[in-house]
Amino acid sequence: MKVLKDPWVSLIASLKSLGDMARFLLRLVLGSPRALLRFELVSEQIYNAGALSLVIIMLSGLFVGMVLGLQGFQLLQRFGSEEALGTATAIGLVKELGPVVTALLFAGRAGTALASEIGLMRATDQLSAMEMMAVDPIQHVVVPRFLGGVIAMPLLAAIFSMIGIYGGQLIGVQIMHVDAGSFWSQMRASVGLRDISEGIVKSLIFGVACSLIAVYEGYYAEPTAEGVGRATTRTVVTSAVMTLFLDYLITAMFL
Amino acid sequence: MNQSSNIVEIRALNYSVSGRSIFSNLSMDIPRGQVTAVMGPSGTGKTTLLRLITRQVWPDSGSVQVGGSDIEALSRHDLYALRRRMGMLFQNGALLTDMTVYENVAFPLREHTDLPERLIRQLVLTKLQAVGLRGAIDLMPAELSGGMSRRVALARAIVMDPEILIYDEPFVGLDPISMGVILRLIRRLNDTLGLTSIVVSHDVEEISTVADLVFLLSGGTVVAQGTPQQLKSYPSEIVRQFMGGLADGPVPFHYPAPDYFGELLGRDGET
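So the protein lines, in turn, are chains R and Y. So for the first sequence, the numbering used here puts the first residue at 913; every next one is plus one. So for the second sequence, the numbering used here puts the first residue at 516; every next one is plus one.
Extracted from the complex, chain Y is given alone in its bound form (with noise of 0.2 Å):
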């Protein structure tokens, strides 16, 4: 990959769907080697930002840099070969059910490499170590917890060594205990394997803490960043609002709807 100090760099980004303007001239640089945060709240196409660098959908216009190649000209093949070297987090974790902890987190390696059984088997245990599920080798992923999907996932995704690791909401759900191990591992992950992480989220506390850098997207478009703590002091209403937690802001916490006491009182409920 291209060596230039940002791994990803977004220009000029249209993106919308059936008619719905998702993203309107977002430009972005993620910088290589650390912790950035996509942060906003929901609703703001922060997954589909993961999707379009990935290219799992293609962006109305502008472009896409991944390491310095145009993800948009990339052919097949060529795209495959630089998704092997991102890992990426689903939400629910994304395990194959139909195999075990053990298949799942080997699954990369049997597909993209020759490499004997008994290395597989110790780049697998050497990676579910990582994530401390090395005793749920032989589970189902349906007798996993969602935090232990999670962390079986998170050491799929790893265990081709990639470049840049995408985790997707990765808290959601998940119990206090599971929330700090993730979020340990975001950042240990990042700085012994020499990461670049993108982690999309909307929980300001926990992101804060692991972050070195963060993007905060409303209406499409980028309004806010800078370090954690910048943003905490950042002198608009609406990263005021978001970081802050409040129901009152610029972002209405209401879908727009006709006059309450009106509709309360049958007025415009006739119809």
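Isolated chain R (complex conformation) (with noise of 0.2 Å):
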């Protein structure tokens, strides 16, 4: 019986908090527009999760463009096209690996960040304070690093699809001597805005997923260092977890 309960246990639990993160989306959208009028509120979580995580990112970008050079130049060579280099690495960038790599990467470096500080300003009765001072936590605390999230993340997967197309172009053509024309003539024939707004969309939705993750974990971990760590790791595999399955999600409405 323990067998056939604990997995019905566990499905309503996991409905109940899928239920309670959608209510607390309605909130921060509904925070929204009036935590837009204190812009410098938001324009220093932006600062926080987007300029804090540039090194990494474009570190990530261009690595991760020199490997799509080398991998695609390798393929590409067997059927004699290397010129088709430049936008196999541009579709592959702005479709898929940009957004992707960017919201992984973000959850880990500024997502842990959100949800370790949010949850420490619970465990040390920060957001008790502001309450008590008639001051919503939620609209003060929790929305500016939510919308900071939502708008740092399409930015940061812009810049490394740039850098990583800069690293295809480094080992494509500086390297492996293929047509500089080509390489870019090629990409901006068959790249197109459909292909660009498919990114854009993507980075959209993982941030918003990847930020509301990353708060909701914070403000409701148990305040204690342990639910703290708890929330922090949570975040991490939740965010992962959910970016691969909203790729795959959006990837099949664009099709």
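Derived from the structure by calculation, the hints contain no laboratory data. Given the structure is predicted, the values throughout are model-derived calculations rather than measurements.
Here are the computed distance ranges between Cβ atoms for each label pair: (1) L1116/R with T707/Y: 52 to 60 Å; (2) Y770/Y with D918/R: 29 to 37 Å; (3) I924/R with S539/Y: 26 to 34 Å; (4) D575/Y with V1153/R: 37 to 45 Å; (5) E587/Y with Y959/R: 38 to 46 Å.
If you want a taste of the chain Y side facing chain R, the calculated C-beta under 7 Å gives, among others: (6) Y595; (7) R598; (8) R599; (9) M603; (10) F605; (11) A609; (12) L611; (13) P623; (14) E626.
Glycine residues also receive a C-beta, built at the ideal position from the N, C-alpha and C atoms.
With the hints in hand, could you dock these two chains into one complex?
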């Protein structure tokens, strides 16, 4: 009986937490217009989530682009179509790797920082203190952080893809001697607005998902050292799984 | 606020957490303009009582009236309006760690008023002077000692000139000097600003020197109330045990456990 009961209980718990998260998202969305009026709070969070993640995003973008250049060249060479390397790199980065890898790195770098910061504020009574000062902590702490993440993600993904394309070009054109003209002109000819908008839509949705998971886990973290640690871990795991799941859904929708 | 002589009135309050009863049929009146202490052994729900008074948690049944309003019936907007007239000092100070001392004390003013920066600065300086920390204005919370953090938090709690000031265990972990400073501040602020102070503590000696009225909580209800002098000669075992700090009495020192010798000899310890 226990074998049957446990999955049932955990299914109910998962559905409940999904519902709680949806309600939390609604509160954040409703609070967003007011938060945008106090843009200094949001811009500080764009800096924290975005600017402070730049180095890791740029380095990862460069390496991913270089690997794409290398692998793509090897593969395309077999068919004698090395000139298509520009297209392959750009499509791979803009539609897929840019948004997805950025979201995974964001979850690891900014998501954990958000969850642990808010969790620690809860554990040290800072959120209760705000409540007692008649300041809504959701409006003052959570919404700006959520918006910061949502705004930073597409920008980071764009930078990732840009640096990645440069990395692909570095390997393909500079080292493997693919013709530079073909590399760029084929890319321009075959990468369309639809491909770019798919990337933008993905990174926007990943931005909402990853930021929501981070602030939700932090806000509802058990107010102990262990609880904050668990919330941080859950942020990374849930964000990664959710990113890949949503990636599949959006890709299927754009086909 | 309503000008009745009691600022907080609690009636037939019941509250439980995960099936464990914290308060059963608790009633108490906290008079306006005085320093009222709420004392009791650890785990009797003193801090929970403060959270109930400020509606950070909801009672299962019963009523809590603050300044004449039933706080359960208040909308969020009215609750925030009420909280603007209350100041609360948390156990660890609960300063916002990403702001300087100045910004922490200015925080409620910035959130709730449109005062010009010059006036905000003057108000912050006045409050920090009152707690003796005007010189620490540019420090970050991480650079403050425990006692200093609590004094900054106290300055923040009074910056909006509240009518009620609530202290949650203000003496925990303080050295005698900081404790004496906080004690004198509680009395001085209460009298000079015309506040009502509610202090939750289990430091019998310290709080007896400043409190006008003491409530002793145990087992989820008020077991005694009166002035500190009255409580010291109160004809009840539990009050005598608590006020005298005795290990033996109605409040057991030991958490419920199986027979000690039996467990040492392994009879019950085999499980």
